[in-house]
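With the hints as your guide, set chain B onto chain A.
First to last, the sequence lines map onto chains A and B.
Using my numbering, the first residue of the first sequence is number 1, and each one after it goes up by one.
Using my numbering, the first residue of the second sequence is number 336, and each one after it goes up by one.
Because the hints were derived from the structure by calculation, they are not lab data.
Heads up, a few of these hints could be off.
[Stated by the list, open to error] With beta-carbon atoms standing in for the labels, derived distance ranges:
no. : chain 1 : residue 1 : chain 2 : residue 2 : range
1   : A       : Leu-267   : B       : Glu-870   : 23 to 31 Å
2   : A       : Arg-316   : B       : Asn-458   : 48 to 56 Å
3   : B       : Arg-557   : A       : Pro-175   : 41 to 49 Å
Where is the CB? At the ideal position from N, CA and C, for every residue including glycine.
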Amino acid sequence: MSDKEEYLRKLKEDIAAQHAKDTRTQQDFINNKFIDTDAELLAHVEILDDPVAVRKAMDLLTNRNADLKLRMLAPQKAIAAIGANSDYIQICMSLLSDTGEPEELRKAVLTLLATLIFSSGIFNSQRAAYLSILRTLLDDDSSSLREMAAAELAKVKDGVVQERLLKGLKGEATPIVSTIMAMQLLGFDLHAEQFPVVKKILQNPATDEPTKLQAIRILGNDPDSRQLLVDLMLDKNQPGEIRMTSAASIQVSHPESFIKLAKPILLDETESNDVQAVVLTGLLLNHDKAAVYDDEKFLNQLQQVSLLNATVPTLRKMSDRLIKKTTIERKSRKD
Amino acid sequence: MNIKNLIAGLNSSTPGNQIAAIIDAIKHRRSYRKILTGLLDIQHPVYLGRSSREVDHIRGYLFASFREAGVDSKTLPFLLATLQSELEVYPLAGAAIGLRGLTPPIPDILHYLLTGLNNIKSNDDAVSFETYVLTWPLQNPSSGLVEILKTLQWMGGSAISALIPLKTLQGSVHLAANVKAQLLQTIDALENTIPGDNCCTFEPHGKKRFSLFRRYQNLPGRVANLILENQEGKMCTYGQFFHGKPSVVVFFYTRCDNPYKCSLTISRLSKLQNDLQEAGLADKTKIAAITYDPFYDQPLRLKAFCENRGMVMNQDNCAFRIENGNDDLLHYFSSEVNFIGSIVNNHSIELYVIDACGKITGSYTQLQWDNEKVIRDLKTQEEKRERAAARPVMTAFKNVSSAFLSLAIIFFPKCPFCWAAYFSFLGISNISLFQYSRWLMPVLVVLLTVNLYALFRGANKRNGLLPFYLSCTGIFIVLFFNLVIKLKWAAFSGTMLILAGAVLNSIDPRIFRHFIHHINQVRINAYDKTRLIFERHALSKKAS
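For reference, chain A alone in the conformation it holds in the complex:
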């Protein structure tokens, strides 16, 4: 018997054993009359697929007297069965919108529904109702539920959440999420009108560094912010993180400008080694091979600087890699 056949035979045996175990544990779960021991039994089940077991799990989910952990665990085990039944999906959605239910449970249900939106074949039939609930949740008392709902809506480029996030950033309404998260969520849609306000946040001297970093990441997509990012990248007085993130943003959005800016940074002996490392990575990833590998003068100078950088092994290694790649690139072109 070949290795492959042996492997397949073993795999089949393992699956059958697991299935038998699941059937047994599900049966135990169905037959169990004591709610206290349900949690322990559920913990041993991989997936609930028996219709009776799923029904019992749903009963546990909606039972306000049951233990919270058990209520949260039950739908997780039956996720596939819930995704195949629109009545069960509706039960989950009504729990999500019920402000009388514990926050932890509603968060668990929202996570479950967020999984079903792409894994369930029939979830589309509930999509309109689900999005409506999420929009209502933007005003929920629970900040974490607000954040989760905003994130789910932002993923589908929803106009309602975009408007709320923008108003929050502009100070026209109470923010529903933190500034950093608002920028991150608006960043999912290029056409969300966020760039002017994000630019203002970045240029405000009172803005803290993590917020500035997020703003730089967002502004990488904005052609009108190119000069601002270039200035930050070249300003040696800026913190290293700000300069490195600016460099990465420019490298992604404006690769042609990046090459021109990167070369002098690499050849500048007074430059920060961290910034040089980011810039070198950017050059290695750049698609415009001719601009990187055909610049003889730059490569010769880099070779000399690389020898001086013997004290910084990573940088030295990367410079050598670029030079080696040049040789390979040129050789492949000749061939």
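Showing chain B alone in chain A's frame:
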């Protein structure tokens, strides 16, 4: 305040609910339909600087208002294009509602409604058009699919052929309970209706760019000189590429997130390439795909995007970006696009047919173009080009007449002051021929003074002080050297200077600036070349 003034005052900073209030105020008055139709243009300033979703919201609300305002032939393509190419539920639902303003229903819209139904089948959403500002949860929510089905039901006998696809849809697991209920209701209504008499039809046609003087007009200089960079990073001007062969131009951008717009446009362009090949026109035509987003769409991105969608790229089939002057190009094409900063916030599907001289002769916008019709247009242009090539004398005459006509248009006096200058120039040089010259003289001097004053006052708005100085000098020469010292040559030179001043002032300021810019360029180039020659000469001397 007058409604027309309110509409005229709409701009990018007008709040959405204020726009909606104006729409609500006029939608019941059919006489105002033209005003609503004007708002449909994507390039309308009201959409400038807004997010895509806000534009969708305003346009969706506007579309729905045509149910009351009524739909005419200008409105219809906008509604149908939304159903054909939109993925956002709100504008699509608005378009479906707006179609109910058609009297009577046209069977041809059925295809577009079914396309819209298919587009949002898997991503339906709750909508409401009762108010512009929506409060969640909605009180009486409808949905995109429900609104399309309601419009099909409203079509009655004209939508009977939709029964088969609707019955197929019944088995779909993607439909919500309210959509299924509306679907059953629609099927039931259509089954119990009498087939319509199909009295009216709608067939999308390309628009012809008709101009009486087109054949005599040159391509605007600012467009002809625009520098295009192709997918290989090679540069050429608009005038160089769009010359010698008829062409097709489409607009797109690689960051477009609607698969039914830019991505499909390039895919369909590659199909057009194949069809042109089969029609034997591949070598006789050019194809250009121009990006709306030149800062992001670098040559490598253009190349990858077009090639991945099957477009064959070579010297006559290119994707272009224009870093400087993109606005001029979009203005020349009257392109249906609007922006938020440098990012596109909404655009239409656009294909233009260009003649062998680079001038636009036709366009297919909003709805997807039909390859057969585009090929027919290109054939017509190619035949015209061949005819022109076979008649060189006529072509030469046209060129000369075109130059003459251009001069006539440029130098035609456009204001009373210009007329004064022309008349005084014609009069003062031949004043001795008039019998009453003694009395005419002061009149002409007054006219010249008026002309001088106008030239001085208008210097900032028009072409600077050069025309004023020329006229001043001319008048001095005529009055002093000709009339006082009686030098004959002075009449001629003085009047020529007055004429030159009047002519320079008559030229359109943009053309004048372009002209001056061109002269400066020539001067700078000449200076650079001379310097280069001297430097080379100096170097060679040194080397020797």
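*What hint numbers does the structure not satisfy?*
none
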